[in-house]
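Just so we're aligned, residue 18 is where the first sequence starts under this note's numbering, counting upward by one.
Derived by calculation from the structure, the hints in this document are not laboratory data.
Backbone N, C-alpha and C fix where the C-beta goes; we use that ideal spot for every residue, glycine too.
Lysine-lysine pairs mimicking DSS-like chemistry, simulated, CA-CA at most 30 Å apart:
hint, residue 1, residue 2
1, Lys150, Lys649
2, Lys310, Lys392
3, Lys150, Lys211
Pairwise CB distance ranges, derived in the manner of DEER restraints:
hint, residue 1, residue 2, range
4, Ala188, Lys467, 25 to 35 Å
5, Gln274, Met517, 24 to 34 Å
6, Ser738, Ala893, 51 to 61 Å
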Amino acid sequence: MQYSFKAIEEKWQAFWAKNQTFKAGFNSDKPKYYVLDMFPYPSGAGLHVGHPLGYIASDIYARYKRHKGFNVLHPQGYDSFGLPAEQYAIQTGQHPAITTETNIATYRRQLDQIGFSFDWSREFRTSDPNYYKWTQWVFIQLFESYYCNTDDKAKPIAKLVEVFKTNGNAAVNAVCDDDTEQFTKEEWNAFSEKEQQHILLKYRLTYLAEAEVNWCPELGTVLANDEIVNGVSERGGHPVVRKKMTQWMMRISAYAQRLLDGLETIDWTDSLKESQRNWIGRSEGASVTFKVKNCSQNHTIDVFTTRPDTIFGVSFMTLAPEHELVNTITTSEQQQAVDDYVKASAKRSERERMADVKTISGVFTGAYAEHPFTKQPIPIWIGDYVLASYGTGAVMAVPCGDQRDYDFAKHFSLEIPNIFEGVDISEQAYTEKGNTAITNSDFLNGLSYKKATKRAIFELETISQGKGKINYRLRDAVFSRQRYWGEPFPVYYVDGLPQMVDAKHLPIELPEVDNYLPTENGEPPLGNAKIWAWDTTTHNVVANDLIDNKTIFPLELNTMPGWAGSSQYFNRYMDPNNDDEIFSKDAVNYWQQIDLYIGGSEHATGHLLYSRFWQKFMFDLGLVPADEYAKKLINQGMILGTSAFVYREENTGKYYSKGLIADKKVQAIHVKVEYVNASDELDIEGLKTDAEFGEDYKNAEFVLENGVYKVGRDVEKMSKSKYNVVNPDEICAKYGADSLRLYEMFLGPLEQYKPWNTSGITGVHNFLKKLWKLYVDDNGFKITDTEPTKDNLKTLHKTIKKVEDDIENFSFNTSVSTFMIAVNELTAQKCTSKAVLEPLLVLFSPYAPHIAEELWEKFGHSQSISTAQFPIFDAAHLVESSKEYPISFNGKMRFKLEMPLDISKDDIEKMVLAHEKTQAQLQGRTPKKVIVVPGKIVNIVG
RNA sequence: GCUGAAGUGGUGGAAUUGGUAGACACGUUGGACUUAAAAUCCAAUGGCCAUUAUGGCCGUGCGGGUUCAAGUCCCGCCUUCAGUACCA
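Produce the entire structure from the sequences given, and follow the hints as far as they go.
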């Protein structure tokens, strides 16, 4: 009987689907375990072999946990809103929903053929109104909440309105855009509805604001910071410019400290946590207020500094060119110069400014500020090294203590007072925060960094010109996109003010449009919709031309960004078909949070940060029991493609084999990897008859070396455009899903980036054939009830131990090797014993579930192997008596003991001492002293 | 610049708390089986030297150090990858 993987895999995939083998429900007898993959965006290209890597790993772990007696939740779905489907719609007019549906069908077929143990009954798509209803719902909750600093949590905005009515905002300690604005209860109650709403927007956790955003003209939409890479859009690589626009924002900054603190409680990789820490960018220091001299309106400039101890070293101030006071304070003599400078720097894009760090530029405003303590005048400059978007957009310049201030001062010949005792600052600034005493600094004289900082803050607070402050780099996230294919906002506008649709009328479904481009007057694509107005009496979406501004109002034209749908999906899996609630209390209390989350590290400062923010918000509302949603997170590495190149000589057009290039002027051209064999030889005939590119090479001349054409190779990201994509369909057809699964794990450590090389798959494929032969030969199933030998049991238990350790540590690659060794050993031992080969199957089954099920059935089991218990390791089988397995004597001073490490130190000492005594007696010498050191090796010291 | 990860044969990669470096697999070479190929099986495979055989020396990016013992620990460099950056 041959190992016919095709029939076996089809059979068991059908069996799992029919019996809903992996359907998860409440089960109080078993502990729960929740394993989740980052759900995919279903792109038109389908899966390549790199995509399933993380899914295979999580599937192995999920299956393992089932064997270990856990009730496992392992769902899957689709993050189906996104740009590619919309771009396709723009080009072809096909509705993105249709494209998405087609792509999902392909994804599902490809996923199914790999044999994942997903609970498909819980599948959902973020673009399904039944799902995005709840995305809209969370948005409304955010709108109806503010952040209370006293309780350090989000609370209903209605509570805040109560306080305003009775006490004004003097005693309110909440996160607000403008913490200088003060009003009494009388003032509040006298405000118009519009004025009140305007104020509340400054407190709401999602709010409408005029903000400087990253606008991508090419894509016609704004982008979040994490959607921009090196100054161009992540998707498509289009340029991005800064632009002021009214946008929905998420007040994630209110959660900055909690997002930072939460990292300490979760088991995520250090590099990922570090990325998030950097992104949040906490720095401690002080805010200092400088009064502008000779200013009729008493203007002040606030700065943030991490070095309040250097306050007496301030010799000038620098404002960002965009700073709001630039125009107000500039003197008439300097007006022209300042205008020119501001205009020039506005022209330069952010990217140019970043690229050009070395050129120092700036201009004097003619105005002076007053030093808070010395009252000396401080010239106010403008310089583009100060960023409007960080801190307050203004700095107090301390040239002796900051290199950029120092360079600026040198360039414009400004004063550089030294406030560091015995430090030479003639060449560069002294930026260390050491124990150097401060001098020329009045009350700070003689103090070191730490003490001076404390004292400076104290003195600033005394004169009410500053206070200790913690600044975060993390900025509020723009939540609007000017696109069609995203969640519509449940928002309509009355007199220009946003109103939420009552939650019970959700979802607000995406309207039909006949054009997916922005409208002629620049509105987002939803501006093309004809039925897109909200009727507040019937609570329905109605035609735009019915808008009467009394009961029927315009709806929001923006849609939500890509990360909206993925920010709470992991909770929805717990109760995905609930129409009445986002999820039931019972469900969330049972499943709690994700135990293991697997996905790519590229989401470090996007999805993985935003979703933590949503979870904390939902925790504040009492909706979820945990304020972190994923206990453990693993970033799977990427599988890279091995591209192949031919070399075309520029003048002759001949293609030279790699070894013949020498110093010829050649151009390297990607060719499809399927025409290249393991020895890097090109199948020229295949290439010439290729359906897509055959024409290009039909008449080409290939110059061979030693009778073959050798291609060049390079490891790159798998991509259609590089022709190095390997399709899992082909692998499954040729070697089977079990081979694919094993090989992807065998390639290397899960977290690592590694190149794919199809030729290596024969190794694991042969292993599966050998495994099959261990159970089945020409006469059929060959397992017997024979007593296992000691060798058999040793192999089995060695394997149990290793595989269990490997899975717990997520080193799946080494356990594949362990299997190979086990099968080789048992084959050599001619083992047919049921007592060994049956439990062994359970070890394999997470990795190669199809073959395991097939053989399991041959043992007479009617239930899936996934119900079987993981075999229990028994160290006794590894401890051999010294008679049969003498302690091996190796070299001059070391013994190696073949036994498990959990045997006690004393036992080893006794055994080795006994052995040494016999040896000594035989050799007629005195026994050496035995010292056992941790590890496998025993030292004998003479 | 800063932060994080990593440098081991021709290749992917093993090596537990410091304990026989190169497991396992690919590839390569030789052999068996075949008219032949594929498939399968067997053997060899870090480098250098030596051989009838046993063997010897060198080897984990580089230079030091600790130790009976270092891929692993410490100090100083180099290189690669990833993230981030006039962050005050």
